[in-house]
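Participant: As given, the protein sequences belong to chains B and H, one line each in that order. Residues are numbered in this note's numbering as their position in the first sequence, beginning at 1, plus a constant of 1. Residues are numbered in this note's numbering as their position in the second sequence, beginning at 1, plus a constant of 1.
Keep in mind that the hints are not guaranteed to be accurate.
Quick list of in silico lysine to any residue cross-link-like pairs, SDA-like style, CA-CA up to 20 Å [to be verified]:
hint, chain 1, residue 1, chain 2, residue 2
1, B, 335, H, 337
2, B, 74, H, 309
3, B, 41, H, 300
4, H, 73, B, 321
5, B, 335, H, 118
6, B, 115, H, 334
7, H, 333, B, 68
8, B, 181, B, 77
9, H, 335, B, 275
10, B, 305, H, 70
11, B, 305, H, 65
12, B, 41, H, 279
13, H, 376, H, 252
To be clear, the hints were calculated from the coordinates, so they are not data collected in a lab.
One letter stands for each residue in the lines below.
Number of protein chains: 2
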Amino acid sequence: MFKFVVKHQSGKARTGQLITSHGKIATPAFVPVATQATVKALTPKQLEEIGFEAALCNTYHLYLRPGADIVKKIGGLQKFMAWNKPIFTDSGGFQVFSLKDGLCAVNDDCVTFKSHLDASKHIFTPEKSMQIQRKLGADIIFAFDECLDINADYETTKKSLERTHRWALRSLNEFKKLNKDKKQALYGIVQGGRFLDLRKKSAQFISSLGFDAIGIGSIFGDPKTESKKIVEHTLKFLPENKPKHLLGIGAVEDIFTYVELGIDTFDCVLPTRLARVGYVFVRPESGGRLSNKFRYRITNSKFKSDSKPLDTKCDCYICQNFSRAYINHLFKAKELLFNTLMTYHNLYFFNRMMKEIREAIEKNKFSGLKKKWLK
Amino acid sequence: MFKFVVKHQSGKARTGQLITSHGKIATPAFVPVATQATVKALTPKQLEEIGFEAALCNTYHLYLRPGADIVKKIGGLQKFMAWNKPIFTDSGGFQVFSLKDGLCAVNDDCVTFKSHLDASKHIFTPEKSMQIQRKLGADIIFAFDECLDINADYETTKKSLERTHRWALRSLNEFKKLNKDKKQALYGIVQGGRFLDLRKKSAQFISSLGFDAIGIGSIFGDPKTESKKIVEHTLKFLPENKPKHLLGIGAVEDIFTYVELGIDTFDCVLPTRLARVGYVFVRPESGGRLSNKFRYRITNSKFKSDSKPLDTKCDCYICQNFSRAYINHLFKAKELLFNTLMTYHNLYFFNRMMKEIREAIEKNKFSGLKKKWLK
Chain B
2 MFKFVVKHQS GKARTGQLIT SHGKIATPAF VPVATQATVK ALTPKQLEEI GFEAALCNTY
62 HLYLRPGADI VKKIGGLQKF MAWNKPIFTD SGGFQVFSLK DGLCAVNDDC VTFKSHLDAS
122 KHIFTPEKSM QIQRKLGADI IFAFDECLDI NADYETTKKS LERTHRWALR SLNEFKKLNK
182 DKKQALYGIV QGGRFLDLRK KSAQFISSLG FDAIGIGSIF GDPKTESKKI VEHTLKFLPE
242 NKPKHLLGIG AVEDIFTYVE LGIDTFDCVL PTRLARVGYV FVRPESGGRL SNKFRYRITN
302 SKFKSDSKPL DTKCDCYICQ NFSRAYINHL FKAKELLFNT LMTYHNLYFF NRMMKEIREA
362 IEKNKFSGLK KKWLK
Chain H
2 MFKFVVKHQS GKARTGQLIT SHGKIATPAF VPVATQATVK ALTPKQLEEI GFEAALCNTY
62 HLYLRPGADI VKKIGGLQKF MAWNKPIFTD SGGFQVFSLK DGLCAVNDDC VTFKSHLDAS
122 KHIFTPEKSM QIQRKLGADI IFAFDECLDI NADYETTKKS LERTHRWALR SLNEFKKLNK
182 DKKQALYGIV QGGRFLDLRK KSAQFISSLG FDAIGIGSIF GDPKTESKKI VEHTLKFLPE
242 NKPKHLLGIG AVEDIFTYVE LGIDTFDCVL PTRLARVGYV FVRPESGGRL SNKFRYRITN
302 SKFKSDSKPL DTKCDCYICQ NFSRAYINHL FKAKELLFNT LMTYHNLYFF NRMMKEIREA
362 IEKNKFSGLK KKWLK
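Could you put the whole structure together from the sequences, leaning on the hints where they help?
Facilitator: Here it is in structure tokens:
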């Protein structure tokens, strides 16, 4: 099942609820990434304790290892990773098209690529992506699209977009065959690079096909003003009532920017990946601001005897119990627990921020909150 | 504070309670090892959830990094590692004497050694070990002893034992100066290698000094019959009413053997270290037995689509939620969560076994339980 209910609208920003076969997601939501069916270093119990209602897994990675048939045999992703809540899977396209030259070749019918694990040859088609995502069993899946370099020229982008549109249709047709039980929802993806007319064309075409919801692809963090212009332009041509996901975006300021424009969900590896190399996210009350990207590095020796928590204004399990000195020690001692404590804190930071964003929207105070964070 | 109460005696096996400044430990107990102030890959919350009441940290490692002064500044080990329960620290001797030739030189006054981290030169004396352990602030600390190769000859062992005894006295004298507030308890350590007369001499000497409790050092798992004979002989000369710790021992069969002889506490890296390389401990009802050392390797590809839990008769969080296929996948994918799930399960196995041992002793059914496990 899949339903989207808008709860409160304030400008273009809105709160709502995504209702899936495995439960509800309050929006706007940040969806943490569980590439290989695990949010790195956290148990699903910890993820739930932090307060998350969904996770996003990568089709490419799970297709290669352990394989979709194995995940299906165990009972689907929820059972496999012991996360009995909504799961998204991406289409596999982004990872395949991110492979280096020579590892990936595309024609109108399919993409041929070599596994980054053992160089074995594989083929993805829109139909195959749907079949794999069906076996994986996520609640929310994505159409198979071609992901181009954002700097590609107009002609290349236009041709690629036409392919993405043909693939959108093929994805949808295959999905309809597989999803007769209505267990899954399919998001169409808008592409079009940095060209506003192509973005418009894509938004109109994808909107016309009857997807359950819309994803906007190939938006990168930088340059911020151009990215914002593209998303804003795209959104004009998308149906208001459908949920909108912004793929791969998750910097703090980007979330404020795009929530304000009406985006409902985000996924990004930023908080988890940065956690593992020692970046701690901190709230504005503790000195987090645009100029320091809301973070500092705990790996610096100046923290080695600092008894304060990672963020003095954070109420997470980590900040209530552990000092900077301890976490700095875990880093220096190469202890596994370092990754767990850091990931937990950073994800808590994001989840709490999203909660505050939802509360602010419902009180029509979003722009005040945005000012407080991005001042 | 430190107190030991024997609750129930059945043969020489007994249940009891160790009462420390940070709480109680039901005995016989297995104490998991938290070398660098963390049981690798677990949060203290998970350790508590498993049911443990104590952990053992390594003085040598914490002295080198982050340093005892930093731990003290943060408020002691309990505060530092967010474990508000009893903590043991070893004396640092075992690690120093385990350093390779050229990195460690001993004379009657002290041990000079080079750090395994940066080859910097350091000196340990019995007094210094007490001072460091005082700063670390564990509830239960150990006298500084010389750890010899178990295969050392009689003359070498005898000379070393005399030194260990002089050091026991020096440890105790320094401890008395530092521990006027009675916050910590000091365990004396019996040495004597494989020579029964030296073990007797050591047991009698250490018993005469008024330590809070006794540790038995340099007992190795193999050969089992000789180790058992040494411990059995040693115990004859130790005061019954004092708690007894067997250092570094923790194979399943050894725990049954030594609980039966009257040992109260054990520490060992076995369940945690083996977890990280893929060995799963399994209960006798699930095929765990002496011949397979109560374990199997989950890393084998034959488990890649196995939907069963690690141990079908285990009721831990891991076995209630995750399949062998998932944990095999985490191993192959080099995911950090692998270490957490494996460590959690293996420690749960040990803690549950200890609980069953305590229950069996109290019902005078220990030998039946031992038969069930070691048949």
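Participant: Which hint numbers does the structure go against, in order from smallest to largest?
Facilitator: none
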